[in-house]
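Line order of the protein sequences matches chains A and B.
One point on numbering: in numbering that gives the first Met the number 0, the residue at position 5 of the first sequence is 4, and numbering is uninterrupted.
One point on numbering: in numbering that gives the first Met the number 0, the residue at position 109 of the second sequence is 108, and numbering is uninterrupted.
Keep in mind that the hints were calculated from the coordinates and are not lab data.
Each hint should be verified, as a subset may be incorrect.
Said to hold, decoys possible - Cβ-to-Cβ under 10 Å is the rule here; a few derived chain B residues that face chain A: (1) S14; (2) V87; (3) V137; (4) A176.
To be verified - The calculated DSBU-like cross-link candidates involving lysine-lysine, where the alpha carbons are at most 35 Å apart (straight line), are: (5) A:K213 to B:K45; (6) A:K223 to B:K170; (7) B:K138 to A:K222; (8) B:K138 to B:K45; (9) B:K45 to A:K86; (10) B:K45 to B:K3.
For every residue, glycine included, the Cβ atom is placed at its ideal position computed from N, Cα and C.
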Amino acid sequence: MNQPVRVKTLKIDDRDVSGREDETILEVARQNGIFIPTLCNLEGLTPIGACRLCLVEIKGVSRLLPACVTRVEEGMEVYTQSERLQKYRRMVLELLFSERNHICSVCVVNGHCELQNMAQILGMTHVSVPYRFPRLPVDASHERFVVDHNRCILCTRCVRVCDEIEGAHTWDVMGRGIDSRVITDLSQPWGESETCTSCGKCVNVCPTGALFEKGKPVSERLKKRQFLPYLTMMREERR
Amino acid sequence: MSKKRIATVWLDGCSGCHMSFLDMDERLIEVFQQADLVYSPLVDLKEFPEEVDITLVEGAVSSEEDLHKIRMVRERTKILVAFGDCAVTGNVPSMRNPFGVNAVLQRAYLENVTLHPQVPREVIPALIEKARPVHEVVKVDVFIPGCPPSAETIFLALSDLLADRMPDMAKLTRFGA
Ligand code: SF4
Ligand code: SF4
Ligand code: SF4
Ligand code: FES
Numbered sequence: 000m001n002q003p004v005r006v007k008t009l010k011i012d013d014r015d016v017s018g019r020e021d022e023t024i025l026e027v028a029r030q031n032g033i034f035i036p037t038l039c040n041l042e043g044l045t046p047i048g049a050c051r052l053c054l055v056e057i058k059g060v061s062r063l064l065p066a067c068v069t070r071v072e073e074g075m076e077v078y079t080q081s082e083r084l085q086k087y088r089r090m091v092l093e094l095l096f097s098e099r100n101h102i103c104s105v106c107v108v109n110g111h112c113e114l115q116n117m118a119q120i121l122g123m124t125h126v127s128v129p130y131r132f133p134r135l136p137v138d139a140s141h142e143r144f145v146v147d148h149n150r151c152i153l154c155t156r157c158v159r160v161c162d163e164i165e166g167a168h169t170w171d172v173m174g175r176g177i178d179s180r181v182i183t184d185l186s187q188p189w190g191e192s193e194t195c196t197s198c199g200k201c202v203n204v205c206p207t208g209a210l211f212e213k214g215k216p217v218s219e220r221l222k223k224r225q226f227l228p229y230l231t232m233m234r235e236e237r238r
Numbered sequence: 000m001s002k003k004r005i006a007t008v009w010l011d012g013c014s015g016c017h018m019s020f021l022d023m024d025e026r027l028i029e030v031f032q033q034a035d036l037v038y039s040p041l042v043d044l045k046e047f048p049e050e051v052d053i054t055l056v057e058g059a060v061s062s063e064e065d066l067h068k069i070r071m072v073r074e075r076t077k078i079l080v081a082f083g084d085c086a087v088t089g090n091v092p093s094m095r096n097p098f099g100v101n102a103v104l105q106r107a108y109l110e111n112v113t114l115h116p117q118v119p120r121e122v123i124p125a126l127i128e129k130a131r132p133v134h135e136v137v138k139v140d141v142f143i144p145g146c147p148p149s150a151e152t153i154f155l156a157l158s159d160l161l162a163d164r165m166p167d168m169a170k171l172t173r174f175g176a
């Protein structure tokens, strides 16, 4: 038997809104046309709260909470646009840019990159922390795809789509903190992966130029993401 | 109202930002009705003058000479503008940073050369350890991202600055634009 669905009423930016008890602040905000910036979140994949771009303020809670993994509660008062939040979001972005080597002008996704767009949307015109300039490899061993670790922001969308949707679980994360890196299989060259089906889902969900398809001009490197909610929907219907 | 004094400086960049500046075409006339160009690689002046209102800096800080130049320019300028991605982020010049100076010189002057391979030690200024965005070295007041920023972007930014307004650059341009 299906449980009855409970509805919660709350306020987001002083607007009265309502959502199902199993929905997150981010989902309810989106349904109501309220913009909260996100990078690791992608409709159709399990939310993990990794990038911290979606932080919101909740009245009575001293910490900032990530909207993508925080469920709505009765009587909540959520704020998404305060100056404090703008400051922290820009700081998060600046750290993402400083951690790896983002040279937009020579990047394969220049002009259609979610990280680059986000900098513009959030009004970030420069990075105020020192750049780290790490030395990172590019793995072009796969016959169709390339992973360039210089552009990876560790959102793990590739890891989740390959595991949750394709069912191959080729991707994983290795190492800790700032030294973390996405790997294929047991950190073997992607081209030697025995699990990869070459479906290209990871490439299409990657928000940056970290994963891309070989032999395509930049103008055709628009990533296709519409397939995700569709695939999940079809599966749920079949269950 | 007296005319403002503008300068442009070229550090480690490809000159693309300066080309985009020239690309303002007839709007240059509009700009120079309100300002004098007191120093620039586009005009033949040898010395950076004492008092400048607005200086646009193209390029990353990459060599001993860049360091020296940018410090002097900062001292003599009221509003310092990081002009283009190399100045704002390090951009292409910073691609050498993960490898270190020695590896880069080795590659450029020894490994890829067949005739008289040698690393130049005279005339050409010595590279510093890392190519840096300008604001990591001196204080920057305005950032104009873009590689290069479009002529339109430069014009709108300059128009604001000449009218003593701070331009909202994120609306006009982005990294890599
Ligand atoms: S991945 Fe995006 S932000 Fe990074 S260099 Fe490429 S275009 Fe720029
Ligand atoms: S292309 Fe390979 S690694 Fe990427 S999602 Fe498909 S199976 Fe996984
Ligand atoms: S490779 Fe792309 S999708 Fe995977 S973690 Fe890095 S940025 Fe995210
Ligand atoms: S979108 Fe919520 S933490 Fe990344």
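Hint by hint, which ones does the structure fall short of? As far as the earlier hints go, 1, 3, 5, 7 and 9 are violated by this structure, in ascending order.
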